[in-house]
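Enquirer: If you want the building blocks of each chain, they are given just below.
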Amino acid sequence: MKICVLVKEVPDAAVQKRIDPQTMRLDRSGENNLNPFDTHAIEAAVRFKEGDELPVDEVVAVTMGPDSAQRALQKAVALGADRSVHLCDDALLGSDVCATGKALAKVLESENPDLVLLGQQSDDGECYTIGAVVAEHLKMPSLTQVVGIEVEGDKLKCERQAEYGYDTVALTMPAVISVGDAINEPRYPSLKAIMGAKKKPLDTKAIGDVGIDAAEVGDTGSKTTVIALNEPPAKEAGEIIEDEDTAETVEKIVAWLDERKLI
Amino acid sequence: MGGILVYALHDGEGNFNKNSLGALSEATSLASDLGAEAAAVVVGNVSDDQAQSLGNYGVTKVYRASDVPEGLAQPIVDVMAKIIQDDGFSYALFGGGLLGFEIGAGLTARLDAGVTMEVTSVKVADGKLVSERPILGDSQIADVGYVSEPGIIIGRLNAFDVKESGGTAEVVDVNVELSEWSTRAEMITRGEQRGEDVDIEAADVLIGGGRGLGSAEGFDACEELAGAFPNGAVAATRAVVDAGWYPYAAQIGQTGKTVAPKLYLAVGVSGAIQHKVGMQNSEAIIAINKDANAPIFEFSDLGVVGDLNKIMPKLTEALKARKG
Ligand SMILES: Cc1cc2nc3c(=O)[nH]c(=O)nc-3n(C[C@H](O)[C@H](O)[C@H](O)COP(=O)(O)OP(=O)(O)OC[C@H]3O[C@@H](n4cnc5c(N)ncnc54)[C@H](O)[C@@H]3O)c2cc1C
Ligand SMILES: Nc1ncnc2c1ncn2[C@@H]1O[C@H](COP(=O)(O)O)[C@@H](O)[C@H]1O
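Protein chains in written order, with the working numbering: chain A, 1 to 263; chain B, 264 to 587.
Please keep in mind that the hints were generated in silico from the structure rather than gathered at the bench. Check before you lean on any hint, since a few could be wrong.
To be verified - Straight-line alpha carbon distances no greater than 25 Å define the calculated DMTMM-like cross-link-like pairs of lysine to aspartate or glutamate that follow:
no., chain 1, residue 1, chain 2, residue 2
1, A, Lys192, A, Glu43
2, B, Lys553, A, Glu239
3, B, Lys583, B, Glu561
4, A, Lys252, B, Asp554
5, B, Lys520, B, Glu580
6, A, Lys252, B, Asp424
7, B, Lys391, B, Glu300
8, B, Lys577, A, Asp203
9, B, Lys386, A, Glu242
10, A, Lys235, B, Asp424
11, A, Lys205, A, Asp90
12, A, Lys2, A, Glu239
13, B, Lys391, B, Asp296
14, B, Lys345, B, Glu455
15, A, Lys261, B, Glu546
16, B, Lys553, A, Asp57
17, A, Lys261, B, Glu561
18, A, Lys155, B, Asp296
19, A, Lys157, B, Glu412
20, A, Lys261, B, Glu300
21, A, Lys252, B, Glu487
22, A, Lys157, B, Glu455
23, B, Lys391, B, Asp375
24, B, Lys577, A, Asp90
25, B, Lys583, A, Glu259
26, A, Lys139, B, Asp349
27, B, Lys573, A, Glu43
28, A, Lys252, A, Glu231
29, A, Lys2, B, Glu546
30, A, Lys157, A, Asp57
To be verified - Stretch-level coverage of chain B by chain A, calculated; a stretch enters the list once three of its residues show a Cβ under 8 Å from a Cβ in chain A:
no., segment
31, 314-328
32, 340-348
33, 397-403
34, 421-432
35, 497-509
36, 535-549
To be verified - Now the stretches of chain B that chain A is said to cover, found in silico as 3 or more residues with beta-carbon under 8 Å:
no., segment
37, 358-365
38, 438-450
The structure displayed is predicted, hence computed values, not measured ones. We put the beta carbon where it would ideally sit given N, CA and C, even for glycine.
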């Protein structure tokens, strides 16, 4: 069987993210990285391949993004994916959730996976929705924020926290699952794996290669439009203490609490 | 102009979720500005009385699909997609939570619709709804409009206030055939409580513990610190609850509790949006975190950049000494 893992390139956490006021899109020119939440999805896929509960032949990392997103795919391969697919086309620029989900579903269809894994959220977009969108297009059952998966025949018994506590749900494969970051501790790639990643097959596809209609994606295909960007209401900046001398730090905290009658 | 359809989440026995009731109130007021109606949709085990009671939040009609299970998104996508198409709704609105995200996302694909999530406020402009959606760690707010109908709006936790207006709603039973793939997920257990049933809502001071504590044992130090305050208790992030370090009943945030104590003292908590939404209304917020760039410092009144392992024990000691 085949597992596809959806991964995304996101701005490095240490870089100040900004929106380009001209295009109203995220400025992606800064230092970029593999979405840290997606490393848990790769790890889950690789553990399935290494274990014997599921007969996994292949783990394929899939992304949609600009040229630079190749690096995120190489990281995914260094973490254990066998090969990767990069959907890259100028026509995709400006895609909203609706258009992104459609495009990703088309690439996935061309791979025909038995299981699709995703991260719990993209570090830049924070939508937590792509999994459920893609599942609907692929006509597969799905669940998000999953922190435990047990294999039972052709079913995956998944647990996750929802609004009333923990739910256990059995999904019949093929299925789409987004995993929470508590599901596993991703491994560090070995130097050998990092060096070898560049040699693994990387397929770059344009929209036409997977049957995506240009009118359905990008700005034209998007169903939402950003009308304006505003600053949030100004909030008084908090006081900051750098802990150098801990006795002094504690004294300051106690004084602060005292002043506000909290002790 | 079609109306606004709101999903009313419940616990399986018809006790509705507060965030869904807030969404109903919000939809009612928006619909009246649009000159349209707001309606609710419920699935599963909901009595006539319970369904009618939603009229108290302003909706005039409640669609009820009793055969469809509560708690799984895709069957509810089937129900809502059919109602939206048959009766021509222009918008679907969800309160905060997790299921609303999944259903809203499913509807986006099914109805080829625009979606906004984590929405903190909705306004009417030129006879259409516009969502306010904070982005990039809440550092900016995007006003997002929809280029076609329906538009899907997924609210942030606690974004919409509950407003009771009195009144009852007409209940319409609907029968919906489920998609084949919607029947390939089966709920085995729902809403299981993990760990002790601790009470954090009555506390004046909450020590919020996160992954920075390093292990379950780290929470012993939190409990000691909480004990050094009058009426203190310990709360937790999802990361540590999922890891089994602390009980679910103590969890703050999107899929946990919402609290507003006199003091929230966060130790080893990064301050993710989904945590923030459950504690941002605390009267005072202190954070101890070794990473000066942690988002929690953006909304703390006092931020302490340093190692919690060094600071916490000394702070506990100092407070105990004062207490005598
Ligand atoms: C749909 C959805 C729903 C969610 N619901 C919730 C929810 O209800 N509640 C919730 O909390 N989260 C929720 N989350 C998860 C949320 O996104 C974060 O992953 C989570 O809040 C992070 O928990 P944390 O702060 O403990 O861990 P981390 O983000 O890992 O932060 C740990 C922090 O500890 C600091 N640290 C480490 N060591 C030390 C030290 N020695 N001294 C001082 N500081 C140290 C680090 O600098 C870091 O900032 C949800 C996510 C999604 C997608
Ligand atoms: N452009 C993309 N390409 C591939 N996967 C993506 C993309 N955007 C989002 N994802 C996947 O969807 C998950 C959830 O993202 P989001 O819904 O944006 O929070 C991420 O963790 C990724 O696994």
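Enquirer: Taking the hints in turn, state whether each one holds.
Expert: Verification of the supplied hints:
1. Lys192(A) <-> Glu43(A): 17 Å, holds
2. Lys553(B) <-> Glu239(A): 15 Å, holds
3. Lys583(B) <-> Glu561(B): At roughly 29 Å apart (the allowed maximum being 25 Å), Glu561(B) and Lys583(B) break the hint.
4. Lys252(A) <-> Asp554(B): 19 Å, holds
5. Lys520(B) <-> Glu580(B): 29 Å, violated
6. Lys252(A) <-> Asp424(B): With Cα atoms ~38 Å apart, Lys252(A) and Asp424(B) exceed 25 Å; violated.
7. Lys391(B) <-> Glu300(B): Satisfied, since the Cα-Cα distance of roughly 14 Å is no more than 25 Å.
8. Lys577(B) <-> Asp203(A): Between Lys577(B) and Asp203(A) the Cα gap is close to 56 Å, so the pair fails against 25 Å, i.e. violated.
9. Lys386(B) <-> Glu242(A): Violated. Lys386(B) to Glu242(A) sits at ~42 Å, over the 25 Å cutoff.
10. Lys235(A) <-> Asp424(B): The hint holds at about 22 Å.
11. Lys205(A) <-> Asp90(A): Given that 25 Å is the threshold and the Cα spacing comes to 12 Å, the pair holds.
12. Lys2(A) <-> Glu239(A): 52 Å, violated
13. Lys391(B) <-> Asp296(B): Since the Cα atoms of Lys391(B) and Asp296(B) sit roughly 10 Å apart, the hinted pair holds (cutoff 25 Å).
14. Lys345(B) <-> Glu455(B): 31 Å, violated
15. Lys261(A) <-> Glu546(B): 12 Å, holds
16. Lys553(B) <-> Asp57(A): It is violated: about 42 Å lies between the C-alpha atoms, which goes past 25 Å.
17. Lys261(A) <-> Glu561(B): 23 Å, holds
18. Lys155(A) <-> Asp296(B): Not OK: Lys155(A) and Asp296(B) at ~48 Å, beyond 25 Å, violated.
19. Lys157(A) <-> Glu412(B): Distance of about 36 Å is beyond 25 Å: violated.
20. Lys261(A) <-> Glu300(B): 49 Å, violated
21. Lys252(A) <-> Glu487(B): 20 Å, holds
22. Lys157(A) <-> Glu455(B): Distance of about 15 Å is within 25 Å: holds.
23. Lys391(B) <-> Asp375(B): Holds, because 18 Å separates the two Cα atoms, which is no more than 25 Å.
24. Lys577(B) <-> Asp90(A): 57 Å, violated
25. Lys583(B) <-> Glu259(A): 17 Å, holds
26. Lys139(A) <-> Asp349(B): Judged against 25 Å, a Cα distance of about 22 Å means the pair holds.
27. Lys573(B) <-> Glu43(A): 33 Å, violated
28. Lys252(A) <-> Glu231(A): 32 Å, violated
29. Lys2(A) <-> Glu546(B): 51 Å, violated
30. Lys157(A) <-> Asp57(A): 21 Å, holds
31. 314-328: It is violated: at least three residues are needed, and the segment 314-328 of chain B offers just 0 whose Cβ sits closer than 8 Å to chain A.
32. 340-348: The restraint on the segment 340-348 of chain B is violated, since only 1 of its residues have a Cβ under 8 Å from chain A and three are required.
33. 397-403: Coverage by chain A holds here, the residue count being 7 at a Cβ distance below 8 Å.
34. 421-432: violated (count 0)
35. 497-509: Held - the segment 497-509 of chain B has 5 residues with a Cβ nearer than 8 Å to chain A, which meets the minimum of three.
36. 535-549: holds (count 4)
37. 358-365: holds (count 5)
38. 438-450: holds (count 8)
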